[in-house]
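Student: Given next are the chains, with one letter for each unit.
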Amino acid sequence: MSLLLNTTYAKADALPEFRLKAAFIYNFIAYTEWPNGIGSDINLCVYGENSFGHEISALDGRNVNDHLIKIQNKNHIEDLLDCQVIFIADSVIENLPSILGSLDTRPILTIADSKNAANEGVALNMGIAKNKIIFEANLKAARRAGLTLSARLLRLATKVYQ
Amino acid sequence: MTVKPTSYTKQTTLNQRLLRISRLTLGSILTIAAIVLIISSFSLNLFSLVNSNQTKAEAFTENIAASLVFNDANSAQELLDSLASSNDISVAIIFNDKAERFAYYQYQHSVTKELLIPPSKDYTIGLTHIKINQPIYFQQKIHGNFYFAVDLSSLYWQTAWLMIVILVTSLLALLASNLMLQRLNTAVLIPLSKLSQLIQKVSEKNDYTIRAESSHITEIDTLATGFNLMLEQIGERDKNLATQRDQLEIEVAARTTELLAAKDAAEKASHAKSEFLATMSHEIRTPLNGVLGMNELLLNSELNAQQKIWTESVQTSGQHLLSVINDILDFSKIESGHMQLESVDFDLVDLIEDAMAMFAQQAKHKELEMATQFTPPNKPFHLRGDPFRLRQIVINLVSNAIKFTQQGEVIIRTTLQSETDKKANIHLLIEDTGIGIAPEAYKTIFEHFAQADAKTTRKFGGTGLGLTISKHLIELMGGKIRVESTLGKGTKFYIDLQLVKAKRPFVSEPTPDVFDGIRVLVVDDNQTNREIVLHQLENWNMSVFCAPNGEEALYLMNQSVEENKPFQIVILDMHMPGMDGLELARTIQSNPKLTNTRLMMLTSTFVNTEQHIIQESGMIRFVNKPIRQKDLLKVISDLLSISTSSDTPKIKAKITTPKMTGTVLVAEDNIVNQQVARAMLAKLGLQMVLANNGQEAISLVKTNNNFELILMDCQMPIIDGYEATIAIRQLATKQGGKYLPIVALTANAMSDDRQKCLDVGMDDFLSKPFTLAQLEAMLKRWINHPNKNDKNQESQK
Numbered sequence: 007m008s009l010l011l012n013t014t015y016a017k018a019d020a021l022p023e024f025r026l027k028a029a030f031i032y033n034f035i036a037y038t039e040w041p042n043g044i045g046s047d048i049n050l051c052v053y054g055e056n057s058f059g060h061e062i063s064a065l066d067g068r069n070v071n072d073h074l075i076k077i078q079n080k081n082h083i084e085d086l087l088d089c090q091v092i093f094i095a096d097s098v099i100e101n102l103p104s105i106l107g108s109l110d111t112r113p114i115l116t117i118a119d120s121k122n123a124a125n126e127g128v129a130l131n132m133g134i135a136k137n138k139i140i141f142e143a144n145l146k147a148a149r150r151a152g153l154t155l156s157a158r159l160l161r162l163a164t165k166v167y168q
Numbered sequence: 004m005t006v007k008p009t010s011y012t013k014q015t016t017l018n019q020r021l022l023r024i025s026r027l028t029l030g031s032i033l034t035i036a037a038i039v040l041i042i043s044s045f046s047l048n049l050f051s052l053v054n055s056n057q058t059k060a061e062a063f064t065e066n067i068a069a070s071l072v073f074n075d076a077n078s079a080q081e082l083l084d085s086l087a088s089s090n091d092i093s094v095a096i097i098f099n100d101k102a103e104r105f106a107y108y109q110y111q112h113s114v115t116k117e118l119l120i121p122p123s124k125d126y127t128i129g130l131t132h133i134k135i136n137q138p139i140y141f142q143q144k145i146h147g148n149f150y151f152a153v154d155l156s157s158l159y160w161q162t163a164w165l166m167i168v169i170l171v172t173s174l175l176a177l178l179a180s181n182l183m184l185q186r187l188n189t190a191v192l193i194p195l196s197k198l199s200q201l202i203q204k205v206s207e208k209n210d211y212t213i214r215a216e217s218s219h220i221t222e223i224d225t226l227a228t229g230f231n232l233m234l235e236q237i238g239e240r241d242k243n244l245a246t247q248r249d250q251l252e253i254e255v256a257a258r259t260t261e262l263l264a265a266k267d268a269a270e271k272a273s274h275a276k277s278e279f280l281a282t283m284s285h286e287i288r289t290p291l292n293g294v295l296g297m298n299e300l301l302l303n304s305e306l307n308a309q310q311k312i313w314t315e316s317v318q319t320s321g322q323h324l325l326s327v328i329n330d331i332l333d334f335s336k337i338e339s340g341h342m343q344l345e346s347v348d349f350d351l352v353d354l355i356e357d358a359m360a361m362f363a364q365q366a367k368h369k370e371l372e373m374a375t376q377f378t379p380p381n382k383p384f385h386l387r388g389d390p391f392r393l394r395q396i397v398i399n400l401v402s403n404a405i406k407f408t409q410q411g412e413v414i415i416r417t418t419l420q421s422e423t424d425k426k427a428n429i430h431l432l433i434e435d436t437g438i439g440i441a442p443e444a445y446k447t448i449f450e451h452f453a454q455a456d457a458k459t460t461r462k463f464g465g466t467g468l469g470l471t472i473s474k475h476l477i478e479l480m481g482g483k484i485r486v487e488s489t490l491g492k493g494t495k496f497y498i499d500l501q502l503v504k505a506k507r508p509f510v511s512e513p514t515p516d517v518f519d520g521i522r523v524l525v526v527d528d529n530q531t532n533r534e535i536v537l538h539q540l541e542n543w544n545m546s547v548f549c550a551p552n553g554e555e556a557l558y559l560m561n562q563s564v565e566e567n568k569p570f571q572i573v574i575l576d577m578h579m580p581g582m583d584g585l586e587l588a589r590t591i592q593s594n595p596k597l598t599n600t601r602l603m604m605l606t607s608t609f610v611n612t613e614q615h616i617i618q619e620s621g622m623i624r625f626v627n628k629p630i631r632q633k634d635l636l637k638v639i640s641d642l643l644s645i646s647t648s649s650d651t652p653k654i655k656a657k658i659t660t661p662k663m664t665g666t667v668l669v670a671e672d673n674i675v676n677q678q679v680a681r682a683m684l685a686k687l688g689l690q691m692v693l694a695n696n697g698q699e700a701i702s703l704v705k706t707n708n709n710f711e712l713i714l715m716d717c718q719m720p721i722i723d724g725y726e727a728t729i730a731i732r733q734l735a736t737k738q739g740g741k742y743l744p745i746v747a748l749t750a751n752a753m754s755d756d757r758q759k760c761l762d763v764g765m766d767d768f769l770s771k772p773f774t775l776a777q778l779e780a781m782l783k784r785w786i787n788h789p790n791k792n793d794k795n796q797e798s799q800k
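First to last, the protein sequences are chains Z and C. Take 7 as the starting number for the first sequence in this note's numbering and just add one per residue. Take 4 as the starting number for the second sequence in this note's numbering and just add one per residue.
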């Protein structure tokens, strides 16, 4: 918990960037509503190179909106269908169209930290501006997946694609 | 004394009272309601404000939570700035989980520091602000706090408005209630005030026919009915009373008439009695006047011894009859309450000395000593009262004393007991050495027709009315009389009188200085006389010695000459046992050593001492007994001023009547009395013209101016004496000329007759029957009277 609080306040320089990004991911999950019948667990899958290290694993087993977060590392596209949240690492961003294609309208929240990724169909994409972590949202993509992004979240997004 | 304060509080009408009560009630209800309303409204508003703001804060924190977890201060600030729309929030601050300020908003430019401190509880209510502190939750975890302060001024304004509204409403309510109450009161009070006006009207006008109207209000109607019933009863009672009063008035009038009739009858009876008395007095005195007058003339004519004795006894019987008539008249007057006392100034000393002088002859006859003593001596007692009646009392008592005393003395002692500025208490003592009265008779002697015993009456004569009359007169004067007596030794009558002082003072005439230290010898066998004279002389600062007889006197005189202190004056009593006064005087004169002593003889008026005896005796002065204080003073003064050598004895010459001249008009209807008058006047040397009635008298006066005097009988036919006098006096004022004295002759002894005579213009009054001497004295007083001319002048004015 202290970790989360710290991340929300600390500057990107002072804290490891991925620690903050992991916190953001947790917050994204909190402000996202899944359709009924997703089960009690939320599988948070990291696809591609896991740059978070142990920072992301800190989220494992944590509770959000009565769901239990489970961290999974995935390397194959076909494995991604079990996930409720997929962090698409920068290392695999080139494959984005195929990834998104395979996911189709499944209720899966896609998160990335690559440039222009939101515009290309990722629901939430993080970036860095003025030493602060910022994010963009693609409302269209989220709706396609049957997810509802909280207005409170959208209010904080630097850009919302519709 | 305590009085209920309410009874003195200001009186109000029922209307005012009711209005006040309703105002008080409504006012207090409104006040309580207003207070409750305002307080509850304020607190409700306050709590709803707190609630709504807390709800607002809860909603707000969810938005803030996102900003906080994403560490987006800008969005938080934006959120706070959106609060600007509700201007009652003064300050809003977002704190992070480290209680650091994350975002800040303030409505006004400056806020107090106190306002920046969040409360420790969820909210606090202050005077000016409510502070609300809402924790910011994210995923059931507190991520910070949202604090803001809400300004209460709008709440206050709201409350103020509420108060104004309530106030206005209350005023309107009061006004409305007032109006309504007044209308209501009028409905109740008008009948009440009508009733009270009616009551006033009834009590003012005493009109019990008025009736109160009935009313729709039950209580007032009951009142009116009761009032009407009461009025009816009062009216009926009044009517009854009036009837009774009328009956009573008739009865009283009837009774009054009866009483008046009875009173008239009584007054008439009383008047008739008085009339009867006056008539009887007149009818008895008129013939008695004839009897006595004629008899007196007879006495003075040439009679032989036997005839003289018979005539004298007629005279005595007549006099006695007269005194009996007088007593009966006086007694009747006292009995009927007609006795009226005069109030005039007089000298008691003169009065008593005069009275005593009247008895001098009688006393001499019985060889009784008579003396008067006054304490203090040599001083007039000027008093105010009825001297005529007082003299009557004194004369009565003295005449009784002389009557019942065969030998010894009769003395009147007069004492001024005490005096104030206005009154004097006089004590009179009349004592004799007579037969005395038994103690058991002390009371009865003052009762009617009672003398010491029945035999006495026969022996001494008299009606026995004298003492009764005296007692009544003394009591009328406010005095008292009592008697002390020892049988065979004598009697003492004590009289106490309180009399008003006359204006003239009780001052004695100044004693001449020459009296001082003069040596006087008093020679008298009677001790009382010696003492009285001693008393008087010592009062004049003389040096007085006494001797009971001639021998003693001579011894004292010789001794005093030897001692070279001879007596200047010797006062001798004529009648003494052994050596009498004359003999003693001769002895003194014959002694050359004693010739310088001046002598004074006390003697009876009626002793006709031969001239030569008097000259032989060398007496300088004879003085009549009983001696008067004034005479004693005068004689002693004379004795001291004349020298013995050029002494010519002044002997009281025998009274020789100088013949009077002139014509007297006598108006008298009784023929006998006409003759008496004519005879008496002739004896006095006067001419007489007769008038048979008043009318004749008037016409005689008209035609003849030369009358010296008129003797006017009061009761005459045609015109009586009073009317005739009035007519003659009127005539005199018209004609002028010399003053004509008129003397009334009346057989009425009533003193009011006397006043009546003086009132109509008569000058004096002679009661019938009169003696020759009385007539002479009267005529002398008025014919050639020195004051006659003065009076004449007065009448001309």
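No lab work stands behind these hints: they were computed from the structure. Ideal Cβ positions, reconstructed from N, Cα and C, are used throughout, including at glycine. Among these hints, one or two may not hold up.
List time: in silico DSS-like cross-link candidates among lysine-lysine, alpha-carbon distance up to 27 Å [unchecked claim]: (1) C:Lys492 <-> C:Lys568; (2) C:Lys426 <-> C:Lys633; (3) Z:Lys138 <-> C:Lys144; (4) C:Lys101 <-> Z:Lys138; (5) Z:Lys76 <-> C:Lys144.
Counterexamples of contact, computed for chain Z against chain C with all Cβ distances above 12 Å [said to hold, decoys possible]: (6) Phe34; (7) Lys76; (8) Leu87.
Student: Failing hints, ascending?
Tutor: 1, 6
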